[in-house]
Structure formats: C-alpha cells, structure tokens
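Colleague: Listed below are the residues making up each chain.
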Amino acid sequence: MRVLAALSGGVDSAVAAARAVDAGHDVVAVHMALSRTRDQFRTGSRGCCSIEDAGDARRAADVLGIPYYVWDLSERFEDTVVADFLSEYAAGRTPNPCVRCNEHIKFEALLDKALALGFDAVCTGHYASVVTRPDGTRELHRSRDAAKDQSYVLAVMGPDRLARAMFPLGEVTSKDEVRAEAAARGLSVSAKPDSYDICFVADGDTQGFLRDRLGSQPGDIVDADGTVLGAHDGAYAYTVGQRKGLAIGRPAPDGRPRYVLAVEPVNRRVVVGPVEALEVAGIAGEQAVWFTEPGPGWFGCAVQVRAHGVPVAARARVLDGGAVEVDVTVDGPQRSLHGVAPGQSLVLYDGTRVLGQATVASTTPAVRTSAVPVPAVTVPEAPTPDAATTPAHRA
Amino acid sequence: MQVSVYLDHAATTPMLPEAVAVLTEHLVRTGNPSSLHAAGRAARRTVEEGRERLAAALGARPSEVVVTGGGTEADNLAVKGLFWGRRTHDPSRRRILVSAVEHHAVLDPAFWMAEHAGAEIVLLPVDADGVLDLDALRAELDEHAEQVALISVMWANNEVGALQPLHDVVSLARRHGIPVHADAVQAVGQVPVDFAASGLDALTVSGHKVGGPGGVGALLARRGLELTPVLHGGGQERGVRSGTLDAPAIASFAVAVDSAVAAREATAQRLTELRDALVAGVRAAVPGAVLRGPEDAARRLPANAHFTFPGCEGDSLLYLLDSAGVACSTGSACQAGVPRPSHVLLAMGVDEDDARGALRFSLGHTSRRADVDALLTALPGVVDRARAAGLAGRSDRADRGHRQPSGAR
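In order, the protein sequences belong to chains Y and P.
For the first sequence, my numbering gives the first residue as 1, with consecutive numbering after it.
For the second sequence, my numbering gives the first residue as 1001, with consecutive numbering after it.
Treat the hints as calculated values from the structure; they're not laboratory data.
Being a predicted model, the structure only gives us computed values, none of them experimental.
All residues carry an ideal CB built from backbone N, CA and C; glycine is no exception.
Incorrect hints may appear among the rest.
What the simulated footprint calls covered on chain P by chain Y, stretch by stretch (three residues with Cβ under 8 Å from a Cβ of chain Y suffice, anywhere in the stretch; the number is not a length) [stated by the list, open to error]: (1) 1313 to 1325; (2) 1375 to 1389.
If you anchor each label on the Cβ, the simulated ranges turn out as follows [as the list claims (entries may be wrong)]: (3) P:1283 with Y:194: 50 to 58 Å; (4) P:1353 with Y:186: 40 to 48 Å; (5) Y:171 with P:1277: 50 to 58 Å; (6) Y:319 with P:1283: 53 to 61 Å; (7) P:1242 with Y:173: 53 to 61 Å; (8) Y:244 with P:1234: 21 to 29 Å; (9) Y:309 with P:1381: 45 to 53 Å; (10) P:1017 with Y:171: 50 to 58 Å; (11) Y:147 with P:1234: 52 to 60 Å; (12) Y:1 with P:1234: 51 to 59 Å; (13) Y:203 with P:1265: 58 to 66 Å.
Turn these sequences into a full structure, and let the hints steer you where they fit.
Modeller: Here it is in structure tokens:
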C-alpha cells in the first residue's frame, strides 16, 4: 500500500512512520508547514512548527530511508483552523483547534491531496485504535494507553476518512515504549519533549493572541441578576467554567469563589456565579458526525467534552438536522458535568468505541429529578485490534 | 527497477572526472598556503596556479580573483563590500539597484543591508520573459545616480534562463561611475564569460555549478575596486577574505572552470539541441504547458527549460516525477523546503496560481537524449495526476469566504 506518513518532527509520528515501513508499505514522509512565519527554533512547549522541527522530520525520514517533502498548508490552516479559533472565541464559544486541524487539515487537505496523488492512506502518530469488524466496517477506539488516548480529537473525521487513516501507535502500552523504540531505531527525536500547547499561539499566551488578533472590546462582568461586578477588556478572553483571572474586587456575599457561567459577546457581558450553576444536566449538540448512525430513540453511552476529560455516563438521541441531545443525569447528579462551553466538542463512546461526535451548541442546567429509564448498552463481541500491518481500508 | 534521470544540473552538476582527480590528488597533501615552510609553499603554489588558471579561463587577472567559500559568499561580499566601500567615501550613496529576479544570495544581503546598514533597495523590473527593463534602469539613474552605491544584475537567471543585457547595464552605469556586479554562477560554461571584456567591476562564479567541488567559489573584483571585507581574520586574499585557503578545492575548481569553458561551445550546441527537443516534447505531451523565459534561444541559457503547468502545484509535480525517477526542480527558493511561488515568476507578471505550478529542467554535461525521453514518457501521467490533486486542493477554497475571522488582522 502507498502510505503518506505525516511527520511533525516529533517522536510519535516518526515511530508511526517507522512501523508503517516495517509493515512493508511504500511510505513517503510529508511535513506540513502550517505557519507562514516560522520560528527558527522550538520555543517552550511547541513541538511541530519551527524550522528545527522540519529539520527533525527530515532527519527521521533519512534514517527511515523514505522520501521527504514539505507541503505548504499554511494558507488552508490560517483560513480554517486559525480563522475558526478566532471567530469562535469572538462569538463567545470555546473552540478546540486540534479537532478543527484534524477535520480540515490532516484528514481533509492532506488526505485529499494524498489520495489524488495516488496514496492509499495517511499515517499519523495519533494514539487511537482502528478496529475492523468481521463485516469489514471500521471502528475508532480509544488507544490501549488510556492516558495518551487521542480518539477525542479524531472523532470528527467520520467513517469515510477513517477508512483511509492509519494509526500504528494505537496499541502501544505507553509513551516510554515509543521513546524506547525511537532510540532503538536511531531516531534522534527519541528524547524530544512532548508538545501540548496550541501550536500557533506563540509562548502559550492564548489571551494575548486573541487580544492581538481581535482587538480590545471592553465590557462588564455581571452576576446572574445583571449586577455589574467588574470590567473586562474582551469577553472572548473568558471561558465557561473559568475561575482565575476574573479580577472582581468585591467578594461574593457568601464568600465563595465565582466562576464564568456564560460569555455574551453581543452585549459584551461575562456572567459569573457560584460553582453549582455550572452543573449541566443536558447538552445540545450540532453538526453531529456518526461512525454508525444510531437508530431512533435514546441510547446509552458515555460522553466526553474535553481532550483529557473523564467520560460521564449518559444517554443520547439523534434529532433532525445533525443535532444530538445528551442527557447526563442517568447516574445521578454526582456524576454530572461542570462548565461545558458552547463550541467544545462532545464525543460519545460505547466502552472504548467512538460512536460519534458533535459540537456543543448549548447546555441545560442540572435537573436532579430525572428518572427516565435507560436502555442497556449493548456490548459488542470483542473485536480484533488492527496492527499497523492491517490495511487502513478494505475496498 | 527505476530509471534515474537527473535534470537538475542548475542546482548542482556531477563533478568532472578531471576535477575529481585533481581534488583527490591534493587532498592527501599537507600544507597551509599561508605557512612559510616547504609544505606551505607547495600548497601556496597549488593555490596560485589555480588562481591563474581561473583567471585565464574567465578573462581576469590573477590578482582579481578573490577565492570564497562559494557563490553565496561571493555575492554577499560583492553587495555588502561594495556598499560599505562606497559609503566610506560618500555617505549619500545608499541606493542598491538589483534586478527583481536576482538569486536570494544577492537579494537577501541587499535587504539585510536595508534593514541593518541604512541601504535603500531599488528592485529593477523585468519584462514578461524575465529580462531586465533597461528603461527603468535609465530612469532610475537619471534621477538618482548620485545616490547609487552599486548595481547588481545577474548574467543569466537561474530559474527561467533569461540572459540579461549586461553590456547595456555596464555602459549606463559607467557614465555615472557606478560599480556593477553580476552573479554569473549559471552562465559560466554555458555562454561566453569574459570578465575584462564585460566591463564589470565584480563577478561571482561557483565551483559546483560547473563540475567542480562544492564549498568553493570566487568573486572576480576589478583591481582598485573598493571592497570592504565581510570575513575578518588572518588577512588572506589581500585582506578582503580571511580564512585558510582550501588548496585542493581551489585546484579542482580551477580545473573544472577551465574544462567547462574549453568545452563550452560544443557543450552549448549539444545542450541547445537537447533542450529544444525537450521543450518541443513537453509542449506536445502537455498542450497546456507554458514555456517561461525567452523563446529565442539566443536570449536564453542553452541548458535551461522552464514551464508552468496550469492547475498543478509544483511540489506535486516534483514528488510524482521523483517517484518516477526523474529529478528536477520547482526552481523557486525554499525556506526549509517549503515551496513558495517564485519571486522570479511573480516579477515577470505570472499570477500566483500559475506560478505555483512551475518546473525547471536543467541539462548538463552528463545529459543524454534518453534523459529527455524518460521525462517525456513520465510527464503526461504526472501532470494529469497533479492536476487532479490541484483540483482536490482547490475545491475547498470556495467556502473560505464564510470563514473570515471577525477580528482585525
């Protein structure tokens, strides 16, 4: 199979490409240039966007003996991921740029171009497992190493693109295993630090980045009754659930900390209140993507709303127009979610299997009286995990 | 299983056997050319013989040869050294005139001087073939001649092969006493290059472009030219370029230049015929392909062919040809391998989308008809596939309008 391995310059994608080579595929490495103004060297925790990273990727390809190219996707990246990041924050929502990057860049711009050039699959260093059912359908599952699992940010790709994806690191037991393998293979990136910040925000200062790009938009910080408690320089700098950095002089009457409950960019208001007000009973999602479209009615699942968030027992049902409704009160109020912001991705799981993904449109406050019966979750028979050797698609 | 076809001689060309022989012969000898003992004297003799050979091949005097670590260093020395040298005598001479299609080895030092040394850059426009607009130069000199520090115009463009009207540039500049530098790394061995006859004040030549080793080049600098050093140290090369002289490389470089110049006429004729066959073949195989640079063979490097392929991206073409065993170039400058539309094509008025689909094929002393045939066999399928990939990339551009960020940029 002809495989395009996306090489960031980090250790994961290098080992993933190495495994694809070992599996006998015809592998070509591509480093995506996502920024027009690239730094010469890595700074802080950023790990993929400097010229030094491109050099690391090139060197890894040399060691693996595979061709290496740089594809300039910076314009697409700016027009999709960065533009979405800015417009979502400007609209008072909380975007996840990594989800958008997987959606628009890695598994759209890169994949489409790869397919057009005659490749069969795109291989990345993501931690997620692909499982092929006996009938040939493919499922996206959490990686074996739950701590590194990235299925949350991949769920947006949907089944057609999953058919062209290859994740050779899905079954590794730990990052240490990957680093050891990289060292054994003579890959110089074996000890390179992980990256974890937003790659296009230099020095990790998201608020500064938003202020530079969106400008000053001063407004009020108010409580649920509309009483003005303070001022801000731009509602976009606040996220639902945020506690720090509110700079409210006056303490709450009961002396308890206040949290951001809502961001209202239209009237430039940031609404704050007590922690209980963040408790969520239901989530309305939009733009749903399903690996297997669920039938009508409620079904049991677990919902996760952050990249490294804890999944919470829930039930969900599909509504018209790509909408989905999620009820998180099935296990009682003690397990409900806090501080879910519009714009976040919600991913529904059945065990380790990803059912689908949607974007949070709105939430409903906790309702503690829910007693709707939940159907039992059907546990599928144990599937066989794909190794890197399994083709990413079955025609 | 795969053929290996090398059509990127303008990037670098295989070393000539006689240059390899001289290089390896001297590599086993010891001696710093600046040392006074016997070993040093022997190395010095090697260097000076090389210098004389270079000078003779290029119509210069031996004392006019400043050996450098390559073409880029020679260009830096010319731009910076001439600028600083001129400004010492007349601080009002701040303008650096360069053609818009110069190699980055000239453009970037010029822009660096603008940023750090108070220079003003004047980019001289070119026509649709990539040839300097002499009227623009004339107008610039009529208006600002007293403020001009230097003019740098390449002998032949490295991407589209356009030969530049250096004779006219020199005569215009001479009226105002302005020094002219030419980067001739692509021209030597392809067209006649005679430093004395050219009237130029400085000229850059590179080793690895003519079948010599990498990492060595020279700036030919007219005697008496005020040239401020860029590299300081042991005072080699009359104090203009410090650094221990690399005797084996210089000897090999000199042999390569000598051979390339001696064989030039026959090589040029052979490569012109081969290039014309390549151009005709590409046009027949890919009807939409557009030849860039002068159509007239007399105004173009004999070994150069350059096309844009509408609807294709150069990096897709490059990848697909590479997979088919054909090595060529997009011709554009890379920053860490990131393809950008070529500044040369943009200066010629090619629009950005077309400029993205550029490929340069450059022939050299090892090129044969079979190389051209292999390219022509692979090209139609490659272009079809690259066009499909280009369309795949473009289909998503339609919805960009909806995704404008609300904030200021």
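Colleague: Compare the structure with each hint and give your call.
Modeller: Hint check results:
Using a Cβ-Cβ cut-off of 8 Å, 7 residues of the stretch 1313 to 1325 of chain P lie near chain Y, which meets the minimum of three, so the contact claim holds. Evaluation of the coverage hint for the stretch 1375 to 1389 of chain P: fulfilled, as 4 residues show C-beta separations to chain Y shorter than 8 Å, against a requirement of three. Range check, residue 1283 (chain P) to residue 194 (chain Y): about 52 Å between beta-carbon atoms, so the 50 to 58 Å window is met. As the Cβ distance of residue 1353 (chain P) to residue 186 (chain Y) is approximately 42 Å, the hint placing it in 40 to 48 Å holds.
The hinted window of 50 to 58 Å between residue 171 (chain Y) and residue 1277 (chain P) holds, with their beta carbons roughly 54 Å apart. Checked against the given bound of 53 to 61 Å, the beta carbons of residue 319 (chain Y) and residue 1283 (chain P), roughly 58 Å apart, stay inside it. Checked against the hint of 53 to 61 Å, the C-beta distance between residue 1242 (chain P) and residue 173 (chain Y) comes to roughly 57 Å, which is consistent with it. Remark: the range hint 21 to 29 Å for residue 244 (chain Y) to residue 1234 (chain P) is contradicted by a beta-carbon distance near 60 Å.
Against the hinted window of 45 to 53 Å, the Cβ-Cβ separation of residue 309 (chain Y) and residue 1381 (chain P) comes to about 48 Å, which satisfies the hint. Our hint of 50 to 58 Å for residue 1017 (chain P) and residue 171 (chain Y) holds, since their Cβ atoms are close to 54 Å apart. Checked against the hint of 52 to 60 Å, the pair residue 147 (chain Y) and residue 1234 (chain P) passes, with Cβ atoms roughly 58 Å apart. Judged by the Cβ atoms, the range 51 to 59 Å given for residue 1 (chain Y) and residue 1234 (chain P) holds: they are separated by roughly 58 Å.
The hinted range of 58 to 66 Å is satisfied by residue 203 (chain Y) and residue 1265 (chain P), whose Cβ atoms lie roughly 60 Å apart.
Going through the hint list in order, the structure does not satisfy hint 8, though it satisfies all others.
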